[in-house]
Amino acid sequence: MGSALPLAILLSTALADFAPQQAGSEPLEPALEARVQRLGKQLRCAVCQGLSISDSPASMARAQLDKVRAMVSEGKSDEEIRDYFVARYGEWVLLQPEAHGVNWLVWLGPVALLLIGFAVIARQLQKKPAAAPQASTEQQAKRPVQAPGDEDEYLARVRAELDR
Amino acid sequence: MSWRWSVLLAAAACTALVVILAKGFGKDPHQVPFMLAGKPAPAFSLQKLDGSGKVTLSELKGHPVVINFWATWCGPCKVEHPVLDWGYRQYGRQAEFLGVVFEDTVENSRAFLKQSPTPFPQLVDPQSQTAVDYGVAGVPETYFIDAQGTIRGKHVGPLSLDALTARIKDLVQPVAQAR
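Listed in order, the protein sequences are those of chains Z and E. In terms of numbering that gives the first Met the number 0, the first sequence has 151 at position 152, counting the first letter as 1, and numbering is strictly consecutive. In terms of numbering that gives the first Met the number 0, the second sequence has 2 at position 3, counting the first letter as 1, and numbering is strictly consecutive.
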């Protein structure tokens, strides 16, 4: 059983159909190629899960990166290249969503939650333990006389609550 | 901050979270949005696989066009192959059918078509640049372009006879009726 699994994997790999790797376009001069790779890191590969076209080994990603390279060599701006991909694949293609509309929630939500958390903690730390409220003279008169030290603070607070 | 405000804030945060999660879970993470519906079809001029010349999209203006992106390594493409063959025989007079080989070698494609020939032109797309222009996100994908050169829609995955018939009928009727 132990040796059957590797054999099965080997056979299935040998017999399966797979996309033959096509050669990508030639890298541009270093400064431009760095721009290609930087843009590629921002674009999601269409057939992968959360991988950029620069990082994915998929042939689809290679084709998309070739397109970026062609557009960079044509002198297109970063914005034009991003717009080209958004026009075809929607904002889904951007690994870093644009900060506008509902997308602001993604950017500001975590910061807002952190701030609220800090505010709650700060408020709790600043809170002093509540002092036992003083009962009125009339209420005190109603109580049975006790020797000093007979009544503890907790009991006094319970009485004060009941007297309200 | 009073307890009422705290409860309101917590309720608002929970509602926002539920809405965001519902929106996220309602989507298929594998589904790539299709943005080119209703837009002009990207122009191309591609060499035929059999070497008998080029096909240029602009020359087909005035005719509805069906473009199928496929590959020999793609199982569903092989399942779809006879459907497209049938589609061409059935509707070949109403629409132009084109196949575009996606991320495959010319040798593999020719060998496959030798065994299972198609009656419509098959095109070579160097480095899949036309596929990227069309927003292809896998194969098989079939694009339906009307006589005015506007993309009416795309079908992701293998076409069935019914799906192809419905798409062709939609394609050949005037835009006003289609809406």
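In short, the hints are calculated from the structure, not lab data. Small disclaimer: the values here were computed from a predicted structure and weren't measured. Please note: incorrect hints may appear among the correct ones.
What the hints assert, rightly or not - Estimated spans, in silico, between C-beta atoms of each pair:
#1 19(E) to 122(Z): 25 to 31 Å
#2 172(E) to 54(Z): 19 to 25 Å
#3 113(E) to 48(Z): 34 to 40 Å
#4 19(Z) to 7(E): 22 to 28 Å
Stated by the list, open to error - Below, a list of computed lysine-lysine pairs in the DSSO-like style, where the Cα atoms sit at most 30 Å apart:
#5 26(E) to 60(E)
#6 168(E) to 75(Z)
#7 75(Z) to 77(E)
#8 168(E) to 22(E)
#9 47(E) to 26(E)
#10 168(E) to 40(Z)
#11 22(E) to 75(Z)
#12 22(E) to 40(Z)
#13 26(E) to 40(Z)
#14 26(E) to 38(E)
Idealized CB from N, CA, C, for every residue including glycine.
Do the hints match the structure? See the list:
A hinted range of 25 to 31 Å for the beta carbons of residue 19(E) and residue 122(Z) is consistent with their spacing of about 27 Å. Remark: the range hint 19 to 25 Å for residue 172(E) to residue 54(Z) is contradicted by a beta-carbon distance near 45 Å. The hinted window of 34 to 40 Å between residue 113(E) and residue 48(Z) holds, with their beta carbons roughly 36 Å apart. About 60 Å separates the C-beta atoms of residue 19(Z) and residue 7(E), a value inconsistent with the hinted range of 22 to 28 Å.
A C-alpha spacing of about 36 Å is found between residue 26(E) and residue 60(E), which places the hinted pair above 30 Å, so the restraint is violated. Between residue 168(E) and residue 75(Z) the alpha-carbon distance is near 40 Å, which puts this suggested pair outside the 30 Å criterion. Annotation: proposed proximity of residue 75(Z) to residue 77(E) is violated, straight-line Cα distance about 38 Å (limit 30 Å). As the CA atoms of residue 168(E) and residue 22(E) are separated by approximately 34 Å, the hinted pair breaks the 30 Å bound.
For the suggested pair residue 47(E) and residue 26(E), the alpha carbons sit about 38 Å apart, so the restraint of at most 30 Å is broken. In summary, the hint linking residue 168(E) to residue 40(Z) is not supported, as the alpha carbons are separated by about 42 Å, beyond the 30 Å threshold. Pair hint residue 22(E) plus residue 75(Z) does not hold up; C-alpha atoms about 35 Å apart against a cutoff of 30 Å. Straight-line distance between C-alpha atoms of residue 22(E) and residue 40(Z) comes to about 26 Å, which keeps the hinted pair within the 30 Å bound.
With a CA separation close to 24 Å, the supplied pair residue 26(E) and residue 40(Z) stays within the 30 Å bound. Proximity of residue 26(E) to residue 38(E) is assessed by CA-CA distance (about 24 Å); at most 30 Å being required, the pair is judged to hold.
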